[in-house]
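Trainee: Residue strings, one per chain:
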Amino acid sequence: MTKAFQKIYTKITNITKATCSLKATGVGNDELATVNGKLAQVVRIMGDDVTLQVFGGTEGIPTDAEVIFLGKAPSLKVSEQLAGRFFNALGEPIDGGPEIEGEEVEIGGPSVNPVRRKQPSELIATGIAGIDLNNTLVSGQKIPFFADPDQPYNQVMANVALRAEADKIILGGMGLTNDDYLYFKNVFNNAGVLDRIVSFVNTTENPPVERLLIPDMALTAAEYFAVEKNQKVLVLLTDMTSYADALAIVSNRMDQIPSKDSMPGSLYSDLAKIYEKAVQFPAGGSITIIAVTTLSGGDITHAIPDNTGYITEGQLFLRRDSDVGKVIVDPFRSLSRLKQLVAGKKTREDHAQVMNAAVRLYADAANAKTKLENGFDLTNYDERALDFAKDYSEQLLAIDVNIDTTQMLDVAWSLFGTHFKPEEVNIKQELVEKYWRS
Amino acid sequence: MTTKGKVKGIISNLVTVGVDGPVAQNEICYISLGNVRLMAEVLKVNGDDVFVQVFESTRGLKVGNEVEFTGHMLEVTLGPGMLSRNYDGLQNDLDKLTGVFLKRGEYNFPLDNEKLWDFKPLAQVGDKVEAASWLGEVDENSQPHKIMVPFVMEGVYTVKSVAAAGQYTINDTIAVITDADGNDHNINMIQKWPVKKAINVHTEKPRPFRLLETGVRTIDTANPIVEGGTGFIPGPFGTGKTVLQHAISKQADANIVIMAACGERANEVVEIFVEFPELEDPHTGRKLMERTIIIANTSNMPVASREASVYTAMTIAEYYRAMGLKVLLMADSTSRWAQALREMSNRMEELPGQDAFPMDLSAIIGAFYSRAGYVYLKNGATGSITFIGTVSPAGGNLKEPVTEGTKKVARCFYALEQNRADRKRYPAVNPIDSYSKYIEYPEFEEYIKTKIEGDWIGMVNQMKTILLRGKEVQEQINILGDDGVPVDYHVTFWKSEVIDFVILQQDAFDKIDAVCPLERQEFMLKLVMDICNSDYEFETFLEVMDYFKRIINICKQMNYCEFHSEKFEEHLGKLKELLAEREA
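Quick mapping for you: the protein sequence lines, in order, are chains B and U. Each residue of the first sequence is one higher than the last, beginning at 1 in the numbering used here. Each residue of the second sequence is one higher than the last, beginning at 1 in the numbering used here.
Just so you know, nobody snuck in bad clues.
Per the computed footprint, the stretches of chain U lying under chain B, defined by three or more beta-carbons under 8 Å from a beta-carbon of chain B, are:
1. 81-95
2. 99-113
3. 422-433
FYI, nobody ran anything at the bench for these hints, they're computed from the structure. These numbers were taken from a predicted model, which means no experiment stands behind them. Each residue gets a CB set at the ideal place from its N, CA and C atoms; glycine is no exception.
Using the sequences provided together with the hints, build the complete structure.
Mentor: Rendered as structure tokens:
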């Protein structure tokens, strides 16, 4: 890799766990370098003092290590050859296949001009009613699963990816356990869709700081397919909490003042830069991002899920419903902000009202349940609400449901009819007249 | 002789520059990087070292890159042709930029140099004029856009000549004015103003008192905002801040609406781009876009220009206010702006205040909100800037610096509540915690009497009392059980539910319910309060629930019908029958 005219530095003045500094000149901000062969990036320049963030960690780096500046920002070679391949965080193949040939593109490129964006309007059907009915996904959307580490988010995400009918699925795995990595690999392989998948994977066995490159690598590949090939690209990012933790490590090593929950003050902007890559391009291509943010004990006020929630277009919560013994998509805390762009437009007219009525009735059931737990008598309405909630949970909210939206609406109306009177559901009269089934 | 410098250090977008001459705090400079020039603003000076924040990505920037200072602060260019435009935080016209992606260092002129405007003179030769005096007007999307003596001109001038009515471009001289020393000044339709300085061209700033109708019941009826008032909407994510803000901007009775999308989602701005050119202003019937200016600095656009974007928006608002117009300014969200301040303060290694925000955060917020207001101009006309900001409190906790700093200065508080949002009770404004200070102003009470007959304020206060009482009763029912409280308690609770469902809740996605004119709000509140003021007799609490649910259902159907339409009256008839059935 060394070229004749490159200057080699061999005197490192300062080493921390994630960074090292040296005296060097003519260095550009964000430029890549190698430190004894390990990849590093310029994060701070002060006169001739240059600080490098070493992606692989600084273990074993001596003060006389060889530092070579590469004169470019982190980049990825893009072409059709990416399809079906597995890469590490640095964009190097890890599947034993050949190097990719193609145009070299800097990762973390510019943002789309907001006036050039198209409004997302294509429904992404997943068959899961907890998503399609209550929290409909739209192409060009960005939405994370908020889940505790023990919940089956990777499975649900893999299901969504396979049913979503995307032209390309790009997996960005950060701090993925080896088992989960193999799980994704197997699922995609068994579904026979490996040629539509591109994976960038950093497992728990790899250095944590390397993770910081994964989202930009995945999204650079996504932009290639969405912009150059006008394809519908679905990007899966799991788990963004590991990404944010890596950010915190680096900012800590650079002596930055931490803000809430020891996270860097720039967390919002750092996450927004990634998620805002989700877009519907005017020429037809799109990038949809489905991410995972693992929570600690369901706490969404922590800085990572909190900032994420303000950036993404909704969030999906998984919860184990002990009444039916299944994992459901929680209708209270889940939200898809773009659902009104398709609900009732790409789906049946009664979609929005049915969805809201069902959730309202489910809330009544939650109240009744509180009453029950506090030892109070239930009214007849309370009991009916509880019965409804159970059916609703089992037949619609559970993640193992796989039906189309019209069927979901029909199921909802039949549940209304079974458990309630028309005036109890608060739905527009015309719709009640048309769809009510008793 | 402009000051020049060279880059000495780079940490993210904070760049240290060594300079060879004088520089001013907040002065703008350009850093050359290859063939692009990156705009930056001076934040701190320490000897010959000047710290600047760059409004762009600094990737590839090197020590030794040339820097050129401009001698002025960040300015906006003011003139006719700003309405309907989409600007970024630095007032670049986004539609003029080429390509799908934003390019570094691409700046452009925010107005149209070619367009001809229909000019009508207002001033006459010999008139004494000063900064902001109206010299003439042009028609900008049906708004009388005044051409004023530039705000930067100090002292009194005499009008030497004014152009005759006719068509002119913004660069044509439309008047010549002479200063006290006899020097002539040519005036065209363009002027510049530094965004961080307030435009003060009014004689008086009285307490605002005129209702600004928004068509949102939970605002107009319960906690009204006024022309020139200030308000803020804090709420955790997912509680409907943006939907509420969009509803206000669509429906408010204002001449000009300026939306500053500050560090928020790009798709939300796209929604405005798509909808506003189609939707009609309910007050004039013209397209909404014609009265709107969008300042879009979304979350993925450079952080430093986020801060600039709210000032850019406010300065444009002040410009239109000086023409005697009613301006509504919305900023979503001021927390992102505060975070941008935090990022820079952090990089400059300033000692942090609470949650690592800069120490003077609350003073900065206060100074910004105080630029809004209702004013009397020097010629006796009035103008106003109503400012509503959203706040995105970290973790939904309202005891954080941005919310607290804003609460001190904003007079209306619309608290969005997670619990209401979870139950789909939209808009999720908590009716008990929220407030409008204006409703206590005697000036406001007097004004509203000219619009609504009877003791409106008294009725609104009574409504709030019932809501509070309903909440207390609900808590007791939760503790003691349905049977553990008298049947009366259930009646009280359900009365508060009627208010909640019929008045407070509103379907922003239903064509009819989305906009509720004042006349209709008056009708519905009077109807609901009649229901609440009646006595009812019930045997059991089950009857209470059943009965009031029917009332709510009918009233909701009314909300979905055209006001006083056949269907509406039909439902009203049914409601009256139902009420007659029970009245004791």
